[in-house]
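A.B. asks: If you want the building blocks of each chain, they are given just below.
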Amino acid sequence: MKKSYLLCSALGVLALACGASGPTPELMDARRAYDQARQSNAATYSPDKLLTAKQALERAEAAHQDDAGSFNEKSLAYVAQRKAELATVYGDYEKARRDQTEAEQAYRDRQDQLRRNAEQKATEAQRSLAITWDNLSQAKQQLANQMQKSEAQLAEERAAREKAERAAADAMASLAKVAMVKEESRGTVITLSGQVLFVTGKSELLPIARDKLNEVVRALKEMGDDKLALIEGHTDSRGADDANMRLSLDRANAVKDYLVSQGVSANKLRAVGRGEASPVASNDTPEGRANNRRVEIIIQNTDQAAAGMGGQGAAQGQGSSSNPGGTNMGTGSGAPGGRQ
Amino acid sequence: MLRFFSTIAMGALVVACGGSSLPPPQVADTQSSISAAAAVGAEQHPQAALHLKMARDQLRQAQALMSDGDSDEARLVLERAEADAQLALMITREAVASNNARKAQQDVQNLGTRTQ
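For the record, the sequence lines run as chains A and B.
Mapping of the first sequence onto the numbering used here: residues 26 to 365, in sequence order.
Mapping of the second sequence onto the numbering used here: residues 19 to 134, in sequence order.
Don't take every hint at face value.
Under the rule of at most 30 angstroms between Cα atoms (straight-line distance), these lysine-lysine pairs were calculated in the DSSO-like manner [stated by the list, open to error]:
1. A:K79 with B:K71
2. B:K121 with A:K120
3. A:K293 with A:K252
4. A:K99 with B:K71
5. A:K120 with B:K71
Bear in mind the hints are in silico, worked out from the structure with no lab data behind them.
Assemble the whole structure, with the sequences as input and the hints as a guide.
C.D. replies: Dropping the structure here:
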């Protein structure tokens with residue numbers, strides 16, 4: 026009975042206490058606002074405002090302790106709530122300003138970087154343009170050099186050719202002084218009188234013949250490597266055909282051997298005996314016979330010679346009906362060429 | 019006007035000696051806080067406008083209380099008016115600063131995407 030009374034009175038005191046010290050809605054709002062402020066940007070960016078809010082809340086709490094539910098408590102709580110909200114907003118404000126400053130700095134940095142990139146690109150473009158220009162100039166210079174060189178080469182070649190032609194012409198001119206030179210369809214025909222070259226009826230060269238043949242050698246050399254020469258021996262009509270044929274071949278060979286001894290390539294030369302088959306004058310007069318006793322050196326172009334020699338040989342063979350051995354002698358003369 | 023203030027000052031001086039007073043500088047402070055909030059455009063921001071209105075209402079209320087001679091209550095109400103005026107000012111300034119920061123960040127982003 027006593028126990029339950031005590032319990033009742035304890036509950037009553039508690040109820041009374043709770044009723045007396047229960048915070049006003051304003052104070053509860055202020056506490057909540059301050060808790061929010063502590064967790065906001067204010068903690069970092071506006072701690073002084075947060076401290077002010079804390080002090081305001083402490084004043085409200087003190088007022089609550091002093092006189093719970095009073096107008097004083099409510100007003101101070103109201104003010105504390107506003108101060109807490111102010112701290113929160115101030116924190117946001119400071120953060121926004123910092124964000125703005127950072128963004129503006131980032132903007133400037135980025136702009137600087139873009140400008141540097143652009144400048145670098147421009148520099149590179151300029152450099153590559155300079156290189157291209159350089160290359161172009163070099164190419165132009167090279168081309169000019171080449172043109173100059175090729176012009177010089179052409180001039181040199183032309184000069185060399187002219188010199189060679191002049192030398193050949195000189196050689197032919199001096200040859201013309203010692204022998205008769207004619208341009209015919211079969212080539213350049215050099216005719217040397219038999220009297221000048223040989224003792225009558227023999228095939229040994231006279232000493233004076235060598236001077237004349239030296240001019241032939243010079244002409245052959247000047248005319249170039251591509252020339253082939255056919256050496257034909259001819260006699261007059263006196264004496265037996267066989268003997269004349271042999272003599273004409275021997276004489277042609279003697280001329281050939283001499284030319285070879287003077288440095289003309291043997292395989293560019295061919296010696297044939299025509300005997301009395303191809304007279305150039307009448308055999309009825311001493312003058313005519315003297316003209317018919319001769320050696321002809323026919324200088325041909327290589328291609329002309331390759332095609333023409335066989336044909337000429339054949340024509341010769343057909344033309345000299347009185348001498349069926351002509352063809353044989355003609356074709357067989359390659360072998361006697363190396364004979365001594 | 020001058021007379022009104024001098025009367026208040028006299029009254030305040032008298033009440034200050036009694037331990038509870040409402041010094042006129044506080045009124046002036048709150049008035050200038052309200053002016054500052056209005057000057058930065060607090061009326062254009064809904065939440066700031068609300069606090070600005072509260073500040074004005076409570077300033078009037080405080081002045082009424084003063085006229086009634088209820089200095090203690092007037093001082094408390096004036097304090098509330100001051101807190102609302104400061105909050106209105108700060109909310110407005112924060113809105114402007116946030117907007118500027120957003121713009122600056124957008125500018126950086128635009129500059130970034132322009133060059134990619």
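A.B. asks: Between A:K99 and B:K71, does the CA-CA distance stay at or below 30 angstroms?
C.D. replies: holds (19 angstroms)
A.B. asks: Would you mind confirming whether the straight-line C-alpha gap from A:K120 to B:K71 stays at or under 30 angstroms?
C.D. replies: holds (27 angstroms)
A.B. asks: Verify the proposed pairing of A:K293 with A:K252, using a straight-line Cα cut of 30 angstroms.
C.D. replies: holds (7 angstroms)
A.B. asks: Need the status of pair A:K79, B:K71: alpha-carbon distance at most 30 angstroms?
C.D. replies: Holds, at about 25 angstroms.
A.B. asks: Tell me if the straight-line CA distance from B:K121 to A:K120 falls inside 30 angstroms.
C.D. replies: holds (14 angstroms)
Of the hints listed earlier, there is not a single one the structure fails to meet.
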